[in-house]
Amino acid sequence: MLENKPTLMQGNEAMARGMVENGCVVAASYPGTPASEILSSIETWGKTEGVTMHVEWAVNEKVAFEIAYAASQSGLRAVTAMKQVGLNVASDPLMSAAYLGTVGGFVIISADDPGPHSSQTEQDSRLMAMQAKLPVLDPSSPSEARELVGCALRMSEEFELPVMLRPTTRVCHACQDITPVPVQHLERKAVFCKDPQRWAATPKFRYELHVELNRKLSRIAAYAPTAPRRLNPSTMSRRAVVASGVSAAHASEVVSISGLQDAFVFYQILQPYPLHSDFVEEIRTAYDEVLVLEETTGVIEMQLRDFLRVQGKLSGAVPEAGELLPEMIERILCEFAGRAVADLSEAAPVGGRRPTLCPGCPHRASFYAIKKAAPQGIYPSDIGCYTLGVNLGAVDTVLCMGAAIGQAAGFYQAYRVSGQQRDIVATVGDSTFFHAGIPPLIDAVVQGARFVLVILDNTTTAMTGNQPTPAQGTPSGKAVDIASVVAGCGVEFCRSADPLDLPAFTSLIKEALAFSCKQGVAVVIAKSPCLVDKRIRHAKRPQPLVDSTCTGCKQCTDQFECPALVFDEVSRKVMVDIMNCSGCGVCLDVCPLKAIKLGEGQP
Amino acid sequence: MISQQLLISGVGGQGILFISRLLAETSIAKGLPVITSETHGMAQRGGIVISHLKVGDFSSPLVRPGQADGLIALKSGNVALHRSFLRSCGWIAANVSEPFPVSGELEMTTIDADAIALKLGNPQAVNLVVLGRALSTGSLFCTTEEVTMTLIHKLQEKPALLERALTALNAGTTDCPRS
Ligand code: SF4
Ligand code: SF4
Numbered sequence: 001m002l003e004n005k006p007t008l009m010q011g012n013e014a015m016a017r018g019m020v021e022n023g024c025v026v027a028a029s030y031p032g033t034p035a036s037e038i039l040s041s042i043e044t045w046g047k048t049e050g051v052t053m054h055v056e057w058a059v060n061e062k063v064a065f066e067i068a069y070a071a072s073q074s075g076l077r078a079v080t081a082m083k084q085v086g087l088n089v090a091s092d093p094l095m096s097a098a099y100l101g102t103v104g105g106f107v108i109i110s111a112d113d114p115g116p117h118s119s120q121t122e123q124d125s126r127l128m129a130m131q132a133k134l135p136v137l138d139p140s141s142p143s144e145a146r147e148l149v150g151c152a153l154r155m156s157e158e159f160e161l162p163v164m165l166r167p168t169t170r171v172c173h174a175c176q177d178i179t180p181v182p183v184q185h186l187e188r189k190a191v192f193c194k195d196p197q198r199w200a201a202t203p204k205f206r207y208e209l210h211v212e213l214n215r216k217l218s219r220i221a222a223y224a225p226t227a228p229r230r231l232n233p234s235t236m237s238r239r240a241v242v243a244s245g246v247s248a249a250h251a252s253e254v255v256s257i258s259g260l261q262d263a264f265v266f267y268q269i270l271q272p273y274p275l276h277s278d279f280v281e282e283i284r285t286a287y288d289e290v291l292v293l294e295e296t297t298g299v300i301e302m303q304l305r306d307f308l309r310v311q312g313k314l315s316g317a318v319p320e321a322g323e324l325l326p327e328m329i330e331r332i333l334c335e336f337a338g339r340a341v342a343d344l345s346e347a348a349p350v351g352g353r354r355p356t357l358c359p360g361c362p363h364r365a366s367f368y369a370i371k372k373a374a375p376q377g378i379y380p381s382d383i384g385c386y387t388l389g390v391n392l393g394a395v396d397t398v399l400c401m402g403a404a405i406g407q408a409a410g411f412y413q414a415y416r417v418s419g420q421q422r423d424i425v426a427t428v429g430d431s432t433f434f435h436a437g438i439p440p441l442i443d444a445v446v447q448g449a450r451f452v453l454v455i456l457d458n459t460t461t462a463m464t465g466n467q468p469t470p471a472q473g474t475p476s477g478k479a480v481d482i483a484s485v486v487a488g489c490g491v492e493f494c495r496s497a498d499p500l501d502l503p504a505f506t507s508l509i510k511e512a513l514a515f516s517c518k519q520g521v522a523v524v525i526a527k528s529p530c531l532v533d534k535r536i537r538h539a540k541r542p543q544p545l546v547d548s549t550c551t552g553c554k555q556c557t558d559q560f561e562c563p564a565l566v567f568d569e570v571s572r573k574v575m576v577d578i579m580n581c582s583g584c585g586v587c588l589d590v591c592p593l594k595a596i597k598l599g600e601g602q603p
Numbered sequence: 604m605i606s607q608q609l610l611i612s613g614v615g616g617q618g619i620l621f622i623s624r625l626l627a628e629t630s631i632a633k634g635l636p637v638i639t640s641e642t643h644g645m646a647q648r649g650g651i652v653i654s655h656l657k658v659g660d661f662s663s664p665l666v667r668p669g670q671a672d673g674l675i676a677l678k679s680g681n682v683a684l685h686r687s688f689l690r691s692c693g694w695i696a697a698n699v700s701e702p703f704p705v706s707g708e709l710e711m712t713t714i715d716a717d718a719i720a721l722k723l724g725n726p727q728a729v730n731l732v733v734l735g736r737a738l739s740t741g742s743l744f745c746t747t748e749e750v751t752m753t754l755i756h757k758l759q760e761k762p763a764l765l766e767r768a769l770t771a772l773n774a775g776t777t778d779c780p781r782s
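Residue numbers (this note's numbering), protein chains in the order written: chain A, 1 to 603; chain B, 604 to 782.
Keep in mind that a hint or two might mislead.
Result set (SDA-like, lysine to any residue): computed pairs, CA atoms no more than 20 Å apart in a straight line [unchecked claim]: (1) K5(A) <-> L764(B); (2) K597(A) <-> D501(A); (3) K5(A) <-> T753(B); (4) K534(A) <-> L764(B).
Sample of chain A residues with no beta-carbon within 12 Å of chain B, all distances over it, derived [stated by the list, open to error]: (5) N12; (6) P34; (7) K47; (8) L127; (9) D177; (10) R188; (11) R353; (12) C385; (13) T397; (14) V417; (15) G465.
The hints are simulated quantities; they were obtained by calculation from the structure and are not laboratory data. A virtual CB, placed ideally from N, CA and C, is assigned to each residue, including glycine.
Please build the complete structure, drawing on both the sequences and the hints.
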């Protein structure tokens, strides 16, 4: 129905389209920016095209990987998609699956986030591919990403091993006109052929599998469809520029706009690992000077193994951290070509408003209550919208998914061994709790740690676009209730309440603290829906008004920080921004003077 | 071939993505290649959100500083923040309650879109009001009629939403004096 007509597709939609077009029927993922839209788009394309698929939001990336991998072991085409730090979670099956190999085409999409824009690290998934000894493809645009999906699936079947596709934020979240092609209905049936020597290999056979993997890699280093592309074939020069990913897209535009076509030979690398052996040889013999442009680590540069002639990240010619922006590439290319660097305009600005929780977000109320109940507490927290509680002074640590709980227990033990006790209130989101919070909670109970854990339960994965959590269940499965999981972990104090009722919620946290000081872990489930979750109908609530008794003490703007409360420099009083206020009513309880009152029911 | 580089900036929740995709789809409808870059994730929570939109023969999804033809700003503060992306004779269309001067040869048109959207009883529609204003200057690669066609195509299954969207777009196009 969509065939042959250019359609606007986001990079993530384009990769999803590629998956469906190439007969992929199992897809599993855990949401994470910039990869979140891949799975939902696979589901949408699958439905539009009438393909029977299993598409799931798994509880975490490791499980997602295993679900998709088993489909490949059964001969079907499958994909797992995640962000780069999600691949850390899935790294255990990743390393092993490289040895065991695949039957049906199996692609791992791991989206990197140079910048970083929405991540804890700028790690380069291509290094993970190297570590696992798996080939990795590096698309420069949404349309190329779609093409490489098909290529990766075919490669995976030809060489019987998983193939990684590594887009970056600027590919995932770029949109482009793309013409869909018809879907291949492969009509394969799942057939798992028992072969314990391979699928359950013991260390002795693992050695042989490793030798076999090395053989596959050397063949892949000569695989024609993914060989480097020479973009200006008629240019003769002893200088070469080698670029991959979106850096190649930036560079190619700079080259044509700034007239650098004849200044150097320009190659685009599609497969940064393993680098094609002929190409490595050519670089070694045909050029005196080579510049490598890639994100985020010098993976290609490293494999060129010649630090005298090759410049890049490792040599210091290209910044080793941060996004490689087109204006930087322009400067680096001009310098490399020996051209005067054009008088470039000032760098792109930074600054402006910092991100903050939505006006009326229930997390803000939870954090405010936690600060009230345990003003001297340590507040370990976690990954999600609520990380923004750092603005409120209610988030002291953010390490990785689920770490709030492990760290809370760790802080308790660190103080205990030195003969001290502190109030510790950890916060974790509902989705993050399911993802990585259960093992550390069991550990805390078993080790007798004492702290309060507030599970911020807004029944969704908000930050990444409101994906479901296990607490919602699926059409074919059952919902898993958070309180039962908590009880099952052995926690004896577990109570739920709505944080928007600030006074009652604050007393509940105090009660939990009293319990935790004497007896062990206490869990409070803060239950209140996310405001931007479209599945939930939010009642229109009246917006409050600030009356003349406001003294401008700024308690509500500084300590509570609702973006809809604005301090007016002229009147030196606070006003409610009616463009922004959601009418949650929590500020009524925040103002110490009760100067914020319920207004007349305007929408 | 027509070639235009645009920036659309505002804060999370203002519907920046919606209007940048609307323009990108209009570009495709006109048979022009397009590439954009969007902001997602953490920044969407009330932080600065910016879309880059390049119509014509481009391979990079990002606009370099000093290269943009136009800036559509849904928050007045973003004019200062993002004007360095503009080329020396670029234009700005901004949501501003009290107009302020910009230095240099930049051409600026303004509209008090917050007030208009409130008056329409549709505070979510600031994005379309400002887009309407930008279209009315004639500096964009497409016309109000072309964008209207895309809107109709996009929202054909949601007539109520479509009507509100068209009202907002038209309010931006007509509801104010040219400056
Ligand atoms: S998206 Fe939901 S959870 Fe996130 S800040 Fe907004 S209301 Fe809170
Ligand atoms: S009611 Fe108060 S706290 Fe809630 S969104 Fe409005 S101003 Fe913010």
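Each hint, compared with the structure:
no., hint, in the structure
1, K5(A) <-> L764(B), "26 Å, violated"
2, K597(A) <-> D501(A), "15 Å, holds"
3, K5(A) <-> T753(B), "15 Å, holds"
4, K534(A) <-> L764(B), "15 Å, holds"
5, N12, "9 Å, violated"
6, P34, "6 Å, violated"
7, K47, "16 Å, holds"
8, L127, "22 Å, holds"
9, D177, "5 Å, violated"
10, R188, "34 Å, holds"
11, R353, "6 Å, violated"
12, C385, "6 Å, violated"
13, T397, "17 Å, holds"
14, V417, "36 Å, holds"
15, G465, "8 Å, violated"
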